[in-house]
Each structure stands twice: as structure tokens, then as C-alpha cells.
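Undergrad: So you can see what is in the structure, the chains are spelled out below.
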Amino acid sequence: MDLGYLILQVLVFPGLLFTAVAGLITSWVDRKVTARVQMRVGPPFLQPFYDVLKLMIKETCIPAGTARGLFLSAPLFGMAAAALASLLIWRAFLVPGQTFSGDIIVILYLLTIPAVSVILGSFASQNPLASLGGSREMKLLLAYELPFVLAILVPVIHTHSIRLFDLLAAAPAVYKPSGIIAFAVAIICMQAKLTLVPFDAPEAETELTGGAYVEYSGPPLGVFKLTRAMMLFTMPIFLVAIFCNGIAFDKGALPILLGVLKYLGLVVVVVLIRNTAPRLRIDQAVKFFWGPVTLAALVAVIAAFLGW
Amino acid sequence: MSFAVNMLTRSLNVFHLGGSACNNCDIEIIDTLTPRYDLERFGITLVGSVRHADVLLVTGVFNKKSAIRLKRVYQEAAKPVVVIAIGACACTGNMFQKSYNWDVPVDKYIPVDAYLPGCPPKPEAMIMAVVKLVKKLRGAK
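Chains as they are written, first to last, in our numbering: chain A, 4 to 311; chain B, 499 to 639.
Covered by chain B, per the in silico footprint, the following chain A stretches (three or more residues, Cβ under 8 Å): (1) 28–42; (2) 220–230.
Covered by chain B, per the in silico footprint, the following chain A stretches (three or more residues, Cβ under 8 Å): (3) 46–58; (4) 62–71.
Hints are computed from structural coordinates only; laboratory data are not their basis. The C-beta atom is built at its ideal place from N, Cα and C for all residues, glycine as well.
Using the sequences plus the hints, can you model the full thing?
TA: Here is the structure:
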């Protein structure tokens, strides 16, 4: 395999460009389903593309006293990490033989970087509201990482492998009771990882006026929005891959369709949770994750060890 | 029509700048954004931070103190940004013109692209103002 082909994979398919387009389409699904829940018509199909492209032509305001380099580069870290995580997941779908052992751990680390980039960007912007948003994001990150990793551990225990491809080949984790509990825990953690309602305290439009993003404008804000859309695509795909065997590309058209339906179903679950739950305060969210959610994840891990 | 104008008019992020209004215009703005009128169909969404804004909706009477803030908020917005003066107060000063603390209309401080009189203007009138503004930006008659 030559270098040019690799770079093409990282930048176009299934890396940056593919993830961005798929993420924006997913965010349209999100907005459309939200609109239908609220008895509205909803935005046109290309609306997320317009939103991001419009931000690319806007002015970039850099507030006085800002750490310029960090302020401008923070969004790029997040976008790169989301694209790389998606690349690793899709490589396990498309070229199963060439993935390495331990890629689940790499993906887990990559999926935390968008949150870290939001924290860095918000603190760099020197705005009190952004700092509040950043500190809430940090607390939320500490809260959901433990149950999320525990939930991912359950299918790993079932298959005795930390290679994503082995999880795709084995029986789906949700066929066992411990897998179902872990899947539910992972969906709740995904909601927090995407900072969607009920865990959107870091942004909290009505109290923090955009929270971590308050000082961002123009292209950096566009990159942040793109990163959020890419995470909205990558996270459900990751959970579908870990718990429900992902999308099978080597068995004909029907399994591909089934895989896409599994993914869309999970996205709709996320959207419905976001539309029916009220926002939790940050202390409530941390208590929720460190209390019942971690407990459920622990129960699932113990059950998985016992073979259930 | 350029690419920039096309993108701007298809995705208008609205920021609501209330300058000591009697709240009727503010209520009508919120009404306009409810599911009944569903402005998201046209890509219009409300944002919380002025840095994210493409449209400033200015309401109310600006006195000698708040007019300085009005100018500052306008400078903080990322350009290009358009301004709509909503309600008779923001357009002309309405019945507060003879008041001791009234300064000048909004357009003496910041450039206003559209005036929307009414006390308060109806949501339909606001949508019409936005349509006219979009047409003006696109260069159509």
C-alpha cells in the first residue's frame, strides 16, 4: 500500500470528507426528526451544509487577551480526532484483515479528544461564560468516561479480544443480558458525549448563551459545528459496531441495508431522548453517572465475567 | 448572486438585542420562532451569542447609557451582519421622543438594513421583513 492511497483514505474515504458529509446528513436527520416531534416541517436537506459553509465566509473575531494559537487550533484537534476515530471504525468494516489489535482502545481515546478540544478552546477564549461551559464539559467528561469504558468492556469480555474486527465477527453482545445492560449504559453515555439534552449543561443556550462556544465566530465555529456533526455520526456507528455487529459489507445488499437501519435507529433513539428529557444540572448529571449508571455498568461487567 | 450572499441568506442566525423595550416586541419575536411559524424551514435559528449572529434584531428605546452598549454589541458581531430595527421604538423613538433620557433612534448609532414599524409588529410582518431583507441582499427587486 503506497502513501498516496493512505492519505486519500485519511482525507477522503472513509476519513475526513466522508465523515463530514455523513455527519451533516445525520445532523439533518436529527433536526428533521426534532421538527416532526414538535409538529413542524423542519429544515431542508442541505440546511446543515449551508450552516457550515456560511460560517466559512464569516469574519473570525479574536477577543482581546485570548491565547490566539490555542483558540484557533483547538477546533482542528477535535475535528482530526473525530475523523480518525471514524476512519478506524470504517476500516474494520471495509478491510477487516488489515486492522491491528487494540484499535478499540485507540478509538476510545480518540473519541474523548473532541471534548478536550472544546475545553481547551473555551478556556483559551478568556470569557467567563465560556470558562463555565468548559469546566462543566470537564466535569461531564470525568463523569461519563468511567461507565462508558465499563460498558465497552462487556463485549470485549464476551469475545476475549480488543480488536474491533473480532467483535464484528462474533455473536452480537446485545443477545446476552449483560450486553443489553451495557448497551443501555453506552447509549446514555453517548448522549453525554454528544452533549445533547439532558446532558447539555456545558452549552446551556439559555443560561450560558452557547457556553464553551460563546466567543467563537466564523470558520473556527464552523469547524466546531462540523466536529459535533461528525461525532453524531461516529458515536452511533461505534456503538452499532461494538454491540450489534456493525455493517457487514461482504455479504450482499441486504446486510448493508440492515446495518444502515441499525445505525439510523440508534440515531433516532438519541434524537427522541434529546426531545423528551429536560436538562440536568451539572451536579445532577455527575451524581447520575457516578451513581446508578456506573453501578449498572459494574453489574453488566460482573455478569459478563460469569458468562451471562 | 455570489456564493457568500447565497450561503448567508440561506442560513440566518438571529440574535435578539432587547434595549429596554416594553417586552411586547420581544414576545412577538419569540412567537415568530415558535413551531406555528417554523422559521427553521428557511434556515433561520435563534442563537445565544452575538458572535454567532448574522442578523441583529434590535428592539426598544435606547437611552444615553444603553446606546453605548448597542454600539459595542454591534462591533462584537462577526461581519457580515445585518440589522433589523423591530417596533416603532427602535425605528423612531415612538412616544418616548420627548422623554428626558431618550437619545437618538437606533440608526444614528449602527447601520440599520430594515425598519419594521408596529407596536408591536405581528409575526407575519416580521417574516415579511426578513423576506424583503433576503431579497434586498440577493439584489432582486
